[in-house]
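Colleague: Protein chains in written order, with this note's numbering: chain A, 87 to 189; chain B, 8 to 482.
Think of the hints as simulated: they come from the structure by calculation, not from any bench.
Some clues are possibly wrong.
[Unchecked claim] Okay, the calculated bits of chain B under chain A, using three or more residues with CB under 8 Å as the criterion: (1) 216 to 226; (2) 396 to 409; (3) 427 to 439.
[Stated by the list, open to error] Residues on chain B that point at chain A, a partial pick, calculated with CB under 8 Å: (4) Met38; (5) Ser455; (6) Asn458; (7) Val462.
Don't be surprised by glycine CBs; every beta carbon is placed ideally from N, CA and C.
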Amino acid sequence: MKWLLRIITAVSISFVITMALVVAGFIMAMFSTMDVGVRKFGLFGAIFFEAHDQPSGATALEIGIADGTPIAVIFCVAFLFCLAVTVVLEKLKLHKKQLLQAR
Amino acid sequence: MRLESIVLLFRLFWTFILRRVLGRGLLASRMMRITGAFIVIIGFAGFNVLSYTVMRQYLGGTDLFEPVLAIANVSVGFWVLIAYTLIRVLFLKADELLKLSFNLPATNKERTLAFALFEASVVAVITVFVFGAFSISTVLLEGPAFITNIVVSIWLPVASMYLLLSVAYYLLERGLIVMRLARLRGLLVPMILALGLSVLFPYTNEQTAVIAESFIEGRDYVSPLLVYSMLEKNFGLWLAVLIFAAASTAIVAGIVAAAPRAYVPLRRFIVVLPSRIATWRLGAYTLVLFRSFETLVAVIFVFAFALFAWLQHIILPPYVLALITFQGVYAYVNSEPLRRMSALRFSAWKNYLSIVCSQLILWVTVAIPVVAVSLAQGIEVSACLPVAGFCLSNILISTLIGIAFPPEKGNPFTVLVGAVLAIIIILTIALGLNVFNLKPVVSAVVYSVLNILVVMYSILGMRRMERIQRHEVAS
């Protein structure tokens, strides 16, 4: 049960981290170009951004995922990192408890 | 009146916040405090980058900064009044915090002024966070010489406006004491401030249009609101700062004179619904929510807005109902005495269910007439359904904020910290999922899973707090 909770928490935190990086990548891709019709990529090629001219004269924006692999890798790395931090923290707490009991 | 007492009381309030508030809920763990600080710093940096890139894209290399700053300066009154309304509502709720100082040898005036100073310091922290991103990015784009413009167009008018509103508030409080209505200030003050907003909104819009017109036609725009920037332009920064200092001294003297000598406690409850339903667990929780005075204020605001929208033919889906859902922040703390009663000792998830269900009962009660008005205006039922989903999600999230950051003694600092952290995380997730262009069904599934996580963490948080109270685990 404790491990299930740890895994769910690590998944939630790594999901938020991944979303934050996706947003950062998207903003950088969006503002790195002013040209219409040029497809710009961000976050190691995972996100694309393109502005089109519509027949009515308005500019339409197209955003989306070009390649899901970098996002999946980021999520996995963040997940493993969160899990490792939890395990290390738990070990340190246990160690502190043992030291206090030994006194 | 002794200045020493004011400073001592001011320090007492901050010590209370730092020792008690940071020691309860999620912020009790050092790891979470560091994570929270990290999220706030990253969020602030994110706002800066976003503000910088947006402004560089749209305003970089143009001479549009001057009119944009003039518009910002003219609308300062409106924005500060919005912020002041929010802060007043939050600080009126913090009456309990003021009671901490009742057994100390200080006069009521000293107490009120110390509390005003405490409020100003909290407002300063929040303002730096909100206006900081805009100021930093403008200075980065236009160079350090632009700092002067920012100071005279934004910071000085904001400070003067805040001080003026404070004088007005104390005069209003005095007037209410004379009229013997001071106990109801929790209801009357927000309503008067909202009335001020409805007057100021058309004026701000009109002035914005005038500034844009004068810029296009090459005319100079003159307004009494731009007093500091006009002084700086014509005579130099020193005169603007001197006038600001003189005006602030005069207004602060006005605040000291206007601060009421007598303390009138706030009315906190209102008797609605029969007491016999309290024998039932959900009934007791429903009574706690329905009888609290803030609920009445929120309900009156929702009805007033619905009526205003109907009379003014403003056709919008009933998103105003979301106002009720923010009560969830106080739901856990307000119902805490119930959980201490041995007769109502239940497991954490049952208590959580009661907290959420009581809010749903309130929401449905208010939603029926408001949605009926919307439907009468010609809004489709399909447009009202997302509002229900949004409000349900809001109830769950605000309840989680109230559990993770329990606002002890109604202190507004915890509410603000919790809200800032929650808004940063929710915005990140919403923007991130938007990039994925998910189908509506998939989006609904993802948001449902996130809401289930919110429920799970709320119950776990409640269970942990109960164990801490029983001294089963260290806090």
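Colleague: Next, verify each hint and record whether it holds.
Modeller: Here's how the hints hold up against the structure:
no.: 1; hint: 216 to 226; verdict: violated (count 0)
no.: 2; hint: 396 to 409; verdict: violated (count 0)
no.: 3; hint: 427 to 439; verdict: holds (count 5)
no.: 4; hint: Met38; verdict: holds (7 Å)
no.: 5; hint: Ser455; verdict: violated (14 Å)
no.: 6; hint: Asn458; verdict: violated (12 Å)
no.: 7; hint: Val462; verdict: violated (12 Å)
Checked against the numbered hints listed earlier, the structure breaks hints 1, 2, 5, 6 and 7; every other hint is satisfied.
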